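Colleague: Residue numbers (my numbering), protein chains in the order written: chain A, 1 to 320; chain B, 1 to 320; chain C, 1 to 320.
The list treats identical chains as interchangeable, and a pair is accepted whether it falls inside one copy or across any two copies.
The list that follows gives simulated cross-link-like pairs (lysine-lysine, DSSO-like), each with its CA atoms no further than 27 angstroms apart: (1) Lys24 <-> Lys132; (2) Lys299 <-> Lys33; (3) Lys24 <-> Lys2; (4) Lys167 <-> Lys299; (5) Lys2 <-> Lys33; (6) Lys132 <-> Lys299; (7) Lys2 <-> Lys132; (8) Lys24 <-> Lys37.
Just so you know, these hints were derived from the structure itself, not from any lab. These numbers were taken from a predicted model, which means no experiment stands behind them.
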Amino acid sequence: MKHFIQFESKDLGEKLLNLALAYKANPRRDDHKGIGKRVGCIFLNPSLRTRVSTQIAAQHLGMEAMVLNMDKEGWALEMQEGAIMNKGSVEHIKDAAAVLGNYFDILAIRAFPTLNNKEEDTTDYVLHQFMKYSGVPVVSLESAIRHPLQSLADQITIAECAPVQRKPKVVLTWAPHIKAIPHAVANSFSEWTVGMGHELTIVHPEGYELDPKFTQGATISYDLNKSLQDADFVYIKNWSAFNDYGKILCTDERWMLTEKHLSKSPEAKIMHCLPVRRNVELSDELLDGNRSLVQLQAKNRIYAAQAVLSTMVDSLTGIK
Amino acid sequence: MKHFIQFESKDLGEKLLNLALAYKANPRRDDHKGIGKRVGCIFLNPSLRTRVSTQIAAQHLGMEAMVLNMDKEGWALEMQEGAIMNKGSVEHIKDAAAVLGNYFDILAIRAFPTLNNKEEDTTDYVLHQFMKYSGVPVVSLESAIRHPLQSLADQITIAECAPVQRKPKVVLTWAPHIKAIPHAVANSFSEWTVGMGHELTIVHPEGYELDPKFTQGATISYDLNKSLQDADFVYIKNWSAFNDYGKILCTDERWMLTEKHLSKSPEAKIMHCLPVRRNVELSDELLDGNRSLVQLQAKNRIYAAQAVLSTMVDSLTGIK
Amino acid sequence: MKHFIQFESKDLGEKLLNLALAYKANPRRDDHKGIGKRVGCIFLNPSLRTRVSTQIAAQHLGMEAMVLNMDKEGWALEMQEGAIMNKGSVEHIKDAAAVLGNYFDILAIRAFPTLNNKEEDTTDYVLHQFMKYSGVPVVSLESAIRHPLQSLADQITIAECAPVQRKPKVVLTWAPHIKAIPHAVANSFSEWTVGMGHELTIVHPEGYELDPKFTQGATISYDLNKSLQDADFVYIKNWSAFNDYGKILCTDERWMLTEKHLSKSPEAKIMHCLPVRRNVELSDELLDGNRSLVQLQAKNRIYAAQAVLSTMVDSLTGIK
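Generate coordinates for the entire structure from the input sequences, incorporating the hints supplied.
Modeller: This is the structure in C-alpha cells:
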C-alpha cells in the first residue's frame with residue numbers, strides 16, 4: 001500500500017480491519033514501530049474527529065504527528081498549472097507540496113470539494129496535486145470524493161456489531177440538511193460496504209443518485225420505508241445532488257430518520273459519521289437510544305487510522 | 001478527586017499546594033507517571049498562560065496534551081437540549097463531549113460566561129454539559145464562575161511569600177477596566193483564600209458585590225484606603241457587576257491602584273492573574289517594582305496544573 | 001552564542017554550517033541533547049517552512065517545541081512603554097515576554113516589520129522588546145530586518161553546490177511582486193554571503209538600494225544582464241524600497257527572471273526562500289528546471305535550525 005486514498009481490495013480491507021481490531025485490544029502493542037517517522041496532517045478544511053484520532057493513532061505508534069491548518073493559518077494555495085501568481089494565492093501547490101514532502105515521511109491531507117466545479121472535484125484534483133508533487137505516501141483525511149478512514153472505521157463497527165448467524169442488511173439513507181454537503185462519506189461507505197462483501201441498499205429522493213462509479217453492486221431505491229425493513233445497520237447521511245451538481249433538491253422532513261421509521265426493523269442499529277444535525281438529519285431519540293453506534297464509530301476512527309499508518313510505516317521501511 | 005472545578009476542602013487544598021511545591025523543586029520527579037495518559041485541552045475562549053502552563057505540566061508528567069481551539073477552529077457547539085439544529089451550530093455538545101471523552105483520559109475545558117445570561121452562567125452550564133456528557137474527569141481551565149488553577153497558583157504564591165510570624169492580611173480590590181469582565185478569578189480567589197484559612201477583605205465600589213456564595217467568610221468593604229492598610233497581599237482585579245449582571249457601573253480612575261494607595265502598607269505585595277491593562281487597573285510603577293508577584297504567580301501556574309493532573313492520574317489508576 | 005538574531009562572525013558561521021551538515025548526514029545524532037529543554041515558537045505573523053522546520057529540528061534534538069500563533073490566537077500585544085492600555089491591546093510585551101521567559105528555556109520569535117514605521121522597523125523594536133523582557137536566549141524566526149535561519153540554510157546550500165575549483169560568483173537580484181515585501185531576507189542574505197567570504201553582486205532597479213549597513217562589501221548594480229553573466233548562484237527576491245520606505249517603485253516585468261536572462265550563465269543555479277510568486281518573480285521554467293535549488297534550501301532549513309538550537313542548548317548548559 002503506497003497511498004491510502006480509497007478502497008482497494010477485500011484482502012487489503014480485511015487486513016486493515018483485523019489490524020485495527022488488534023490495536024483496539026492493545027493500542028500500544030506497536031509503540032516503537034513509528035519512532036523517527038513523521039506524519040504531516042494538512043487541513044485545508046476544519047476537523048475535530050479526524051485530526052484528534054489521527055494524532056492519537058500516530059502517538060500510539062510512536063510517530064511524530066504535526067498539524068497544519070492551512071485554511072486558518074493564512075496560506076492560500078495556487079492550484080492551477082502555469083498560473084501567473086499576481087492575485088491572492090501566496091504559494092503554488094507544486095512548491096508547498098514538495099516542501100512538505102521534504103519535511104515529512106507521510107502526508108495526510110484533508111481537501112473538501114468545491115461543490116461548484118464538478119470536473120475538479122470528481123478528479124480529486126487537490127489530493128492528486130499533493131500526491132503528484134509531494135513525492136511521499138499520502139493518506140486521505142477526506143478528499144473531494146472519498147473519506148476512506150471514516151469508511152474503515154465504519155467497517156470495524158459493522159464487524160463488531162454484526163449478527164452472528166446471517167449476513168447483515170446494510171442501508172444507507174439520505175437525510176435532510178440545511179447546507180450543501182459533499183458526497184465523500186456516502187461514496188466511500190458504498191464503495192467499502194459493497195467491497196467488503198455486504199448487501200447494501202442506498203435509499204434517497206429522486207435526483208440524489210450518487211456518482212455510479214461508487215455504487216456498483218448496491219441496490220438503489222426511492223422507497224424509504226421499504227428499504228429500511230429488516231435492516232441491521234442504517235447509515236444516515238446527507239449529501240447534495242450529484243447530477244444537478246452541488247444543489248439542494250429536497251428538504252422534505254419525512255426523510256429525517258425517527259424511531260417510527262424503524263418500527264419494522266427491531267434489530268436495526270443506526271450509524272452516522274458525525275457531526276450530526278440533531279432533529280434535522282435524525283431524531284434525538286435515535287441518537288440517544290440503544291440503537292446508536294455513533295460513538296463506537298468515532299472511537300474506531302483511532303484504530304482505523306492506526307492500522308493505516310502502521311501499514312504505511314511498514315511500506316516505508318520495506319516490510320510488505 | 002474526580003473533577004477539579006472548584007475549591008473542595010482545606011485538606012485537599014493543602015495536599016495540592018504541597019505537591020505543587022514539590023514539583024517546583026523538582027519538575028521531572030514524576031516524569032513517568034502520566035505515560036500513556038492523554039489530556040485534551042478544549043478552549044472555547046483564547047488563552048496564553050493557561051494553555052502553555054497546562055501543556056508544560058502535562059509534559060513534566062510524561063502525559064500527552066493536545067490543544068483544541070474550538071473557538072478558532074470553526075466548531076460552533078449547540079448547547080440546548082432538544083434543539084432542532086437548522087442554524088449555525090454544527091455539533092451538539094452531547095455528541096462532541098462524548099467523542100472527546102472517548103479520545104481522552106482527562107478533559108480540560110475553558111468556557112467563559114456569556115455575561116448576558118445570568119442563569120446559564122451561574123449554573124456553569126457549559127462546563128457541566130461537558131462533565132455530563134464526556135464521562136471522563138474534567139479540569140476547569142476557567143469556567144463561567146471559577147478559575148481554580150489560577151487560585152491554586154495564587155495560594156502557592158501566598159504560601160511562598162507570607163510573613164513568618166503572623167497571619168497574612170489579604171485584600172482583593174476591584175479595579176477599573178474598559179470591558180465587561182467575568183467574575184471567575186475574583187470568585188475563586190475569595191473561595192480559596194478563605195478556604196485555606198486566610199483573613200480576606202474584598203473592597204469595591206457599591207454595586208460590585210460578588211455572588212455571596214463565593215465570599216462567605218470574607219469582609220466586604222467600600223473603603224479602599226482603609227482596606228489596604230497593613231495589607232500583606234493586595235490582589236487587583238476587575239469584574240463586572242453581578243447584581244446588575246454583566247454591567248460596567250464604575251470607571252472611576254481613583255480605583256486604579258498606585259503606589260500612593262500603599263503608603264500605609266509597607267509590606268504589601270501586589271498580585272494579578274494577568275493579562276493586565278497597565279495604567280488602567282494598576283500603575284506601571286507597581287507592576288515594575290519590588291512589590292510585584294505577578295511573574296511568580298504566572299510561573300506557579302505550571303506547578304498548580306502539574307499537581308492537579310498528577311492527582312487526577314492517581315485517581316484514574318486507582319491510587320487514592 | 002547567547003541569542004541568534006544575525007550574522008556574527010565567519011568563525012561562528014562556519015561552525016554552524018559544519019554542524020548543520022553533520023546533522024543532515026545523521027539527523028538523530030544528538031537526540032538526547034535537548035531532553036528537558038523547551039523552546040517556545042512565537043509567531044506574530046504566519047509561517048509554514050519556518051514553523052515546521054524549527055519543530056522538526058527541536059524534535060531531532062529531543063527538545064519540546066511549542067507553537068503560539070499570537071497573530072491568530074487573539075492576543076494583541078502592547079509595545080509602547082508607559083501606555084495607558086484602554087484600547088485594543090490586551091497585554092503588554094513586558095508582561096507577556098516575561099511570562100514566556102518563565103515558561104521556556106529558549107524563545108523563537110517571528111515579528112515582521114510594519115513597513116510604515118521606519119524607525120521602529122530598523123531598530124528591530126519588537127524583537128528587542130522580547131529580548132529585553134523575556135530574560136532568555138532568543139532565536140529570530142525572521143524579524144523586521146533579518147532572517148538569519150534562512151540565510152544559514154542558504155549558506156549550507158551554497159556550500160553543498162559550489163564549484164570545486166574556483167570562488168563562486170553570487171548574485172542577489174530584485175524581482176517584481178504585487179505586494180510591499182520586507183527587506184529581511186535580502187538584508188540577511190547579503191550580510192551572510194559577504195560575511196562568509198563570497199563575492200556578491202546585488203542588482204536592482206534604481207531606488208531599491210537596501211540599508212547600506214547590510215550591503216557593505218557587496219557590489220551594487222542596476223544592470224541586470226551584466227550582473228548575471230557567469231553567475232554561479234542567482235538569488236531572486238523582491239523587496240520594497242528602503243529609502244522611500246515600504247513603497248513599490250517598479251513593476252517592470254523585465255525584472256522577472258527567466259531562462260533567457262541566464263543565457264550567458266551556463267552554471268547558474270537559482271535560489272529563492274519561498275513562498276514564491278510564480279511567473280511574477282521568476283518563471284515556471286526556472287523553478288521546475290535543473291537550475292533550481294529552492295527545495296534544497298527548504299530542506300536545509302531543518303538543519304540550520306537544528307545547528308542553532310543545538311548550539312544554544314550547549315550555551316544553556318554551560319558548554320562553549
